[in-house]
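Let chain B serve as the given structure and place chain C on it in line with the hints.
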Amino acid sequence: MNVRTYLPRLTSVALAGASLLAVSAAEAKEITVWCWDPNFNVAIMKEAGARYTKSHPDITFNIVDFAKADVEQKLQTGLSSGTADALPDIVLIEDYGAQKYLQSFPGAFAPLSGSVDYSGFAPYKVELMTLDGQVYGMPFDSGVTGLYYRKDYLEQAGFKPEDMQGITWDRFIEIGQQVEAKTGKKMMGLDPTDAGLVRIIMQSAGQWYFDKDGKPNITGNAALKASLETINKIMAANIYKPAAGWSDWVGTFTSGDVASVITGVWITGTVKAQPDQSGKWGVAPIPALSIEGATHASNLGGSSWYVLESSAEKAEAIDFLNAVYAKDVDFYQTILTDRGAVGSLLAARGGAAYGEADAFFGGEKVWQNFSDWLAKVPSVNYGVFTNEADTAVTAQLPALTQGTPVDEVLKAIDAEVSAQIQ
Amino acid sequence: MALARRGGIGRYYNVNGWLFVAPALGLIALFMIYPILWSLWMSFQSGRGMMLKFAGFSNIVRLWNDPVFIKALTNTLTYFVVQVPIMILLALILASLLNNPKLVGRGFFRTAIFLPCVTSLVAYSVLFKGMFAHDGIVNATLEAIGIIGEPIPWLTHPFWAKVLVILAITWRWTGYNMIFYLAAMQNIDKSIYEVARIDGVPAWARFTHITIPLLKPVILFTTIISTIGTIQLFDEVYNLTEGKGGPSNATLTLSLYIYNLTFRFMPNFGYAATVSYVIVVLVALLACLQFFAARERDR
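In the order they appear, the protein sequences are chains B and C.
No gaps in the numbering here: position 407 of the first sequence is 407 in our numbering, and each next residue is one more.
No gaps in the numbering here: position 176 of the second sequence is 176 in our numbering, and each next residue is one more.
This is chain B alone, in the form it adopts within the complex (with noise of 0.2 Å):
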């Protein structure tokens, strides 16, 4: 076992030493970039470089594919070490952690406030990348959230498309448990330790674990409650599979065995890659809650990219992001019709790429209809402990389905939040 005695070990020294194993620093004129998703985030960036080395052939790019949980952990490690020499130009973060970074981490993130308009950007994406009337990072792509659905199997049960559209939730299950019944196909893949969608549920209706000054708001969440309950309704119902992990999840729906997707827009891309399924998907809005400033817009996920301030091509990356992600409105048409990647930027939405119908969804203007719903994506704070409020919710909801009274799951959440969060 002498192989896991060194896990400790491992935590100490990572923390002083790990910087030596790492990626030596970029060579001069190469701007080194860290994301991950090589269908997705990389591609983009490649595409990105292309453009902008085409301008400036001087300038090269390193663009590295980690996992997203590797490029965390290799980003917190370096900023903790103190030494700069192995972290990356320009590093892309999820939405969610932005604030986390900022806050823990004071001046080792470029302020681009001075460089960049951001009146062109969505303002939520510009908000919460915000600390101290600066702003710090390039607003990336959007999480905007849609229904994913088999047109094919919801046909199968009496369905039209017509009546997916503006449904409530307790509709969708009622929907789901006919799909069943007809196809003996589930309505949806679910995955009880990923609190994804208690997330999309409550931000559609305004709210989110956190309150606008960072407080704790949970017991008294009237979003939070409606959702926790509207995921139990979905497991008494038993419309879904059960995943165990991202990658399963994917597979419920890449395999044909559920009827329905609903997550952030960034999805299109691994749905398209099956192509024996073209034709077959239809999208429509996520369904509503029936509690007070329910919507049928919310938003999961979503990143943006952000500047080391101990760069040693700090001015040439922040070029480089300005020159592109914040003008150049060809390459947003570009990367949504190649990668489904809905930016940003607003300009970009005047495009032609977002008037275009897609045949793999058999002829639908689906990128309009996600932009028009991007604007209606209710802003939220998402504070700073949000990975610390998913992991309670995740460890009540067995204690949910078992029939504990939601009431009280809230206020076992609220304690362990708390509890975390000091």
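Incorrect hints may have been included.
Only part of the chain B face toward chain C is listed, based on derived beta-carbon distances under 10 Å [said to hold, decoys possible]:
| hint | residue |
| --- | --- |
| 1 | 103 |
| 2 | 247 |
| 3 | 385 |
By construction, these hints were calculated from the structure, which means they are not laboratory data.
Here a beta-carbon is modelled for each residue, glycine too, at the ideal position from N, C-alpha and C.
Showing chain C alone in chain B's frame:
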């Protein structure tokens, strides 16, 4: 005394010896002792990321009020109490079966049982995750031979997730312990067994009264090594549950909690260092207890 009489030469050898080990000592001091002392200092600080402030004993107070820490501690101790005895016993039984010179193909069996030990921790965890998925090969097989009617929720039910982790680490580490026992058994003088056989001692009594007492130092060694390994359990749980220790923290271990406090949650290096010292204290206590228990039986 002999050294003192040799005087100057003795001192010369002494200095020379220290010079030879100095580079190694320097590296150990830099990469082992310094981080250990620094993490001890860190465990008295608290704050967000780099903004650490001295906080006295507040991290230790926080431990008692942290339901997630209590959960991780309970889980870790559950793994230890359930898994270590099962594995040690299994390894002993397998070793004594495979030590039988009359067994045909024992080289093959030894290799087969030891083989899991050379697999990568990450690779086998990922493989287990696939095999024990909702519609994975294990559920499909159990259903096909009629042992279960409904698929077992291996990864999504708190109880079964713990069972799966225990199954996985037992599969991975039993062969490792077995090799120690096999080696030790070959050192037991065969004449002891011969005498016992002539005296008519049955096989089971030979195992409990000769094999086990003579293996005691090795059993103590493997128990302590397994205890340390189980208390520090990380890789399997991280990979089986995508780093979350789910469902509902049912598989969360102390090491995984340290990782989460450092890399997944708002980074609080001070509190994470405190939790790592809990592991240190726990391992030290349990090792002392095991030494004590082993000494008792001598009398």
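Structure-based check of all given hints:
1. The beta carbon of residue 103(B) is positioned within 10 Å of a beta carbon in chain C (closest approach about 6 Å), and the interface hint is therefore held.
2. Hint status for residue 247(B): holds, given a least beta-carbon distance of 9 Å to chain C, under 10 Å.
3. A cut of 10 Å between beta carbons decides the hint on residue 385(B): the least distance to chain C is about 6 Å, and the hint holds.
Checked against the numbered hints above, the structure breaks none of them.
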